[in-house]
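Colleague: Taken in sequence, the protein lines are chains B, S and Z.
Residue numbers for the first sequence follow numbering that gives the first Met the number 0, beginning at 0 and rising by one.
Residue numbers for the second sequence follow numbering that gives the first Met the number 0, beginning at 0 and rising by one.
Residue numbers for the third sequence follow numbering that gives the first Met the number 0, beginning at 0 and rising by one.
These are calculated hints, taken from the structure and not from any lab test.
Possibly wrong hints are sitting among the right ones.
Where chains are identical, the list cannot tell them apart; a pair therefore holds if satisfied intra-copy or between any two copies.
Said to hold, decoys possible - Distance condition first, Cα-Cα at most 27 Å in a straight line; then the derived DSSO-like pairs of lysine-lysine:
1) 74 <-> 63
2) 65 <-> 253
3) 162 <-> 123
4) 162 <-> 111
For clarity, every value in this text was computed on a predicted model and none was experimentally measured.
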Amino acid sequence: MADPSFFKNCGPFNLQAIADQTGSNLFNSDLADIEIRDVAPLESAQEGNLSFLDNPKYKDDFQKTKAAAVILPEKMVGLAPKGAALLVSENPYKSYALAAQMFYPEEFPVAKISDQACVDTQAKIGKGCVIEACAVIKNGAQIGAGTWIEAGAVIGENVQIGKNCRIGAGATLSHAVIGDAVRLYPGVRVGQDGFGFAIDPAGHIKVPQLGRVIIEDHVEIGANSCIDRGAGPDTVIGAGTWIDNLVQIGHNVKIGKGCVLVAHCGIAGSTVLEDYVVLGGQVGVAGHLKIGSGARVAAQSGVMRDIPAGEEQMGSPALPKKQAMRQVAALKRLTEGAKNE
Amino acid sequence: MADPSFFKNCGPFNLQAIADQTGSNLFNSDLADIEIRDVAPLESAQEGNLSFLDNPKYKDDFQKTKAAAVILPEKMVGLAPKGAALLVSENPYKSYALAAQMFYPEEFPVAKISDQACVDTQAKIGKGCVIEACAVIKNGAQIGAGTWIEAGAVIGENVQIGKNCRIGAGATLSHAVIGDAVRLYPGVRVGQDGFGFAIDPAGHIKVPQLGRVIIEDHVEIGANSCIDRGAGPDTVIGAGTWIDNLVQIGHNVKIGKGCVLVAHCGIAGSTVLEDYVVLGGQVGVAGHLKIGSGARVAAQSGVMRDIPAGEEQMGSPALPKKQAMRQVAALKRLTEGAKNE
Amino acid sequence: MADPSFFKNCGPFNLQAIADQTGSNLFNSDLADIEIRDVAPLESAQEGNLSFLDNPKYKDDFQKTKAAAVILPEKMVGLAPKGAALLVSENPYKSYALAAQMFYPEEFPVAKISDQACVDTQAKIGKGCVIEACAVIKNGAQIGAGTWIEAGAVIGENVQIGKNCRIGAGATLSHAVIGDAVRLYPGVRVGQDGFGFAIDPAGHIKVPQLGRVIIEDHVEIGANSCIDRGAGPDTVIGAGTWIDNLVQIGHNVKIGKGCVLVAHCGIAGSTVLEDYVVLGGQVGVAGHLKIGSGARVAAQSGVMRDIPAGEEQMGSPALPKKQAMRQVAALKRLTEGAKNE
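Produce the entire structure from the sequences given, and follow the hints as far as they go.
Modeller: Printed below as a string of C-alpha cells:
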C-alpha cells in the first residue's frame with residue numbers, strides 16, 4: 000500500500016465504477032458491487048486490490064495473486080485463476096493507469112499566494128493559483144488559472160504560462176511561452192541562451208539568441224533538463240511530448256507531438272523530430288538533422304544522419320537496427336575466430 | 000522579428016555604422032545611408048533586414064533573399080543578386096554576430112539590491128550591481144562592480160566574483176574565485192567537493208577537498224553544469240572557454256583558454272586540456288590525461304589516452320579520426336560480406 | 000597550503016597523535032613529538048607537512064619530497080629518503096584521508112534557523128540544526144538533530160531526514176525518507192515522479208508514481224543528480240553508496256551498500272545493483288536488470304543484460320572485459336589489414 004504520509008487513497012470504488020472510468024468491461028457482471036480498496040502489481044497485491052496483466056510472461060504471478068480483480072486483455076481471460084474478478088480491456092496498462100488515477104488523483108494544494116513569494120506587481124496571476132514560498136515571478140509574467148508554482152521557481156519577465164500547469168521547485172524560465180497542463184519538474188531550465196557564438200582567435204563572440212521556447216499543451220519535462228531558447232527561430236516542444244530527466248535540447252530544435260525522450264538524451268541545434276519519435280537514454284543527435292515520424296532510436300546511439308519515418312536505429316554512429324545488429328554479430332564472430340587461432 | 004516582449008531592438012542603424020562596428024567594408028559606397036532595422040537569416044529576412052552568407056551551400060537563399068544587405072566574404076560577391084547591399088568581411092559570421100549585438104545588446108537591469116535578497120552584512124557588493132530576490136550572499140563574499148546576481152542564486156562564504164559577471168537564477172557557488180565578465184547560467188554548481196574518497200570495506204572515507212575553483216575572465220558555463228573544486232590543487236577554467244549545459248568537470252581539472260565543451264561532456268579528475276580544445280557532445284575524458292592544444296574530439300567519444308596537440312579523434316575508445324573511420328568502414332564491409340554468404 | 004579564506008587548518012598535531020588516529024604505526028618512535036602543520040601530496044609538500052605514498056610509481060617524488068613525514072605501506076619503507084619520518088599503514092590513502100580530516104574537519108556552522116528561512120509550523124526540526132536563508136521546509140517534514148539545510152533547499156511535505164545530514168543549496172526533496180549522515184549536494188532532485196506512463200495515441204497517460212525514495216545512512220549524492228521515486232515499490236539507495244554529479248536513477252531502482260556511481264551514469268527503472276558495484280562515468284544500464292555484487296563496469300558502457308557478481312564489463316553493448324578487449328584488438332587488426340592492401 001502506498002505510504003499514507005505521501006499519498007492519499009481516495010477509494011474504495013466498486014468494480015462497475017472502475018470499469019466505467021477505465022474503458023474496460025466487467026467480465027463477471029455479478030461482481031459489479033465488489034469494493035476495491037487499492038491498486039497494486041500482481042505479485043504484491045493484497046485482498047481488495049486491483050491489478051493488471053498484459054504480458055503472458057507473468058501468468059504465474061496471475062495464478063498466485065491475492066488481487067480481488069485483474070485488468071487483462073480478452074485473449075488472456077483463459078489464464079485466470081478461480082475467483083478473480085476480471086476487467087477486460089484492449090489496453091490493460093492504460094486502464095490500470097486510469098484506475099490508479101482514480102485512487103490517487105494528483106493532489107492540488109489550496110489555492111494561495113505565499114506571503115514569502117516574490118511576485119512583481121506587474122505580473123498577472125490567474126484564479127486559483129498556488130504560488131509557494133521563495134518563488135519569484137517577474138514583471139509582466141502571466142500565469143494561467145489553476146497553475147501551481149512550487150517553492151523557489153523563477154518565472155522571468157513576460158513569460159507566459161497557461162492553465163493548470165505545475166512548475167517544479169527551483170525551476171527557472173525565461174523567454175518562454177508555455178501552454179496548458181504542462182508540467183516542469185524541479186530544476187528544469189527553460190529559455191536560457193543557446194550555445195551560439197562565432198569563433199575568433201581573440202575570443203568567442205556571442206551571437207545574440209533572439210528566439211523563444213514554445214512548449215505546447217500536456218508536455219512533461221523531467222528534473223534538471225535544459226531547453227535552450229532559439230537563436231532566431233523558436234525552440235518548440237510539441238503537444239504531449241514527454242522528456243525525462245537531465246535531457247539537453249539545443250537552440251532551434253523542433254520536437255513534434257507525443258515524442259518520448261529518455262534521460263540524458265542530447266539534441267544539438269536546429270534538429271527536427273517529427274511526431275511520436277522515441278529516443279532511448281543517453282542518445283545523442285547531431286545538429287540540423289530530421290528524424291522522421293515514429294522513428295525509434297536505441298539507448299546510447301549517436302545519430303549523425305537523417306532517419307526516415309518509422310525506422311529503428313541503434314549504435315554509434317547509428318545505423319538501421321538490422322544492420323547494427325549484424326555488425327555486433329560480425330564482431331563477435333571475428334573474435335571467436337581469433338580465439339580459435 | 001524577435002518577439003518584442005522579450006527582446007528590445009535598439010536599431011535602426013545605417014549601413015556605414017554597421018560596417019564600422021563589425022569590421023566589414025561596404026561594397027556599395029553609395030548605400031552608406033541606407034537604414035537597417037533588424038537582423039535575420041537569409042531565408043527569413045524581410046525588407047530592411049541585414050543577413051549574412053558564409054557557406055556557398057546557401058547561395059540559392061541568397062539569390063531569393065529579401066534582405067536589404069548581406070555580410071559575405073569577398074569571394075562570394077559574385078553570387079549577389081541585383082540590388083542587395085553588400086558588406087565584405089573576412090569572417091562574415093563574426094561580423095553578423097557583432098551586428099546582432101548592436102541591435103540587441105545584452106540588457107542590464109537598473110542597478111538594485113532587492114529587499115527580498117539575503118545579503119550578509121559582511122559581504123562586499125561593488126557599485127552598480129543587481130541582486131535579485133531570494134539571492135543569498137554569504138559572509139565575506141565579494142561581488143565586483145556591475146555584476147548581476149539573479150534570483151535564488153547562492154554565493155558562498157568568501158567567494159570572490161569579478162566585475163560585470165552574470166550569475167544565473169538558482170546557481171550555487173562555494174570555494175571559488177571568479178574573474179570578470181564571466182557568465183554562469185541557471186543551475187550551475189561551482190565549488191562543491193570533488194568525488195574523492197579512500198575505498199574501505201567499512202565505508203568509503205572522504206578525502207577532504209582542499210582546493211578551489213578558479214574561473215578566468217570571459218568564461219561561460221551552461222545551465223546545470225557542475226564544476227567540482229580541487230582536491231588540493233585548484234580546478235581551473237581558462238579565459239574565454241565556453242562550456243555548454245549539463246557538463247561535468249571533475250576535481251583538479253585544468254582547462255586552457257578558448258576551449259569549447261559541448262553539452263553532456265564529462266572530464267574526470269586531474270585531466271589537463273590545453274588551449275582551444277573542442278569536445279563534442281557527450282564526450283567522456285578519463286582522469287589524469289593531457290589533451291593537447293587545438294585537439295578536437297568528436298561527439299560521444301571516450302578518451303582514454305593523451306591526445307597530441309592539433310589531433311582530431313573520435314570513437315570509444317577514441318582513436319585518431321582516420322583510423323576510427325577506417326574501423327567504421329571495415330565493420331561495414333564485414334557485414335556486407337556476411338550478408339552475401 | 001589550502002586557501003585560508005575557505006579552509007581552516009585545525010593543526011598542528013604531533014606524529015604520535017596522527018598515528019593513533021589514522022591506524023598507522025610510527026616507524027621512528029623517537030620522532031613521536033614532531034609537529035605536523037599540514038597535509039599535502041609528495042610533490043607539493045613543504046616543511047612540516049604530512050604526505051603519503053601508495054604507488055611505487057611515485058618513488059622519485061618520495062626521494063625529493065620536503066614532507067616531514069610520509070604514510071606508506073611497510074613494503075615501501077626501504078624507498079625512504081634519509082630524515083623522513085615514516086608512518087606505516089596497511090591502507091596509506093585511507094590513513095592520509097583520516098589525517099586530512101584531522102587538519103580540516105568538516106565545518107559545521109553555529110546552529111541557527113535563519114529568519115529568512117520558510118519553515119512550516121507543522122515541521123519538526125531537531126536540536127542543533129542549521130536552516131539557511133530561503134530554505135523551504137513544508138508541513139509535516141521532520142529534520143533530525145544536527146542536520147544542515149543549505150540556502151534555497153526545499154524539503155517537501157512529510158519528508159523525513161535523519162541526523163547529521165547536509166542538504167545542499169537548491170536541492171529539492173519530496174516523498175523521501177533519508178537516513179543519518181547523508182549528504183546531498185547542491186541541486187540534487189529526490190522524490191519526483193518517475194518516467195511512468197501508458198502509451199496511447201490520444202496522449203500518454205501518467206501512471207501515478209506511488210512509491211518513495213529511501214536513502215540509507217552515509218550516502219552521498221552529487222550535484223544535480225536525480226533520484227526518481229518508486230512507481231509502487233520504493234527506489235532505494237543503500238548505506239554508504241556514493242553517487243557523483245549529474246547521475247540519473249530511475250523509479251524502483253535498488254542500489255546496495257557501498258556502490259560507486261561516477262558522473263553521468265543513468266540507471267533505468269527497476270534495475271537492481273547489489274553491494275559494492277562500481278559504474279564508470281557515462282555508463283547506461285537498461286531497466287529490470289540485476290548487476291551482481293562487486294561487478295565493475297567501465298566508463299561509457301551500455302549494459303543490456305544481467306552481470307554476474309564480481310564480473311568486469313565494458314563496451315556498448317557491454318561484454319565481459321576480456322571479450323570486449325578482444326573485439327577492440329580484432330577491429331584494430333582488421334583495419335591494419337585494410338591499410339596494407
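Colleague: Indicate which option fits the pair residue 65, residue 253 if close means a Cα-Cα distance not exceeding 27 Å: within, between, both or neither.
Modeller: Only across copies: residue 65 and residue 253 sit 25 Å apart there, 47 Å inside one copy, limit 27 Å.
Colleague: Regarding residue 74 and residue 63, is the shortest C-alpha distance of 27 Å or less found within a copy, between copies, in both, or in neither?
Modeller: Result: close within a single copy only, 19 Å intra versus 60 Å inter.
Colleague: When no copy is named, should residue 162 and residue 123 be tagged within, between, both, or neither for a Cα gap of at most 27 Å?
Modeller: Cα proximity of residue 162 and residue 123: one copy only (13 Å, versus 34 Å across).
Colleague: Is the C-alpha distance from residue 162 to residue 111 at most 27 Å within one copy, between copies, in both cases, or in neither?
Modeller: within (15 Å within a copy, 32 Å between copies)
The earlier numbered hints are all upheld by this structure, with none contradicted.
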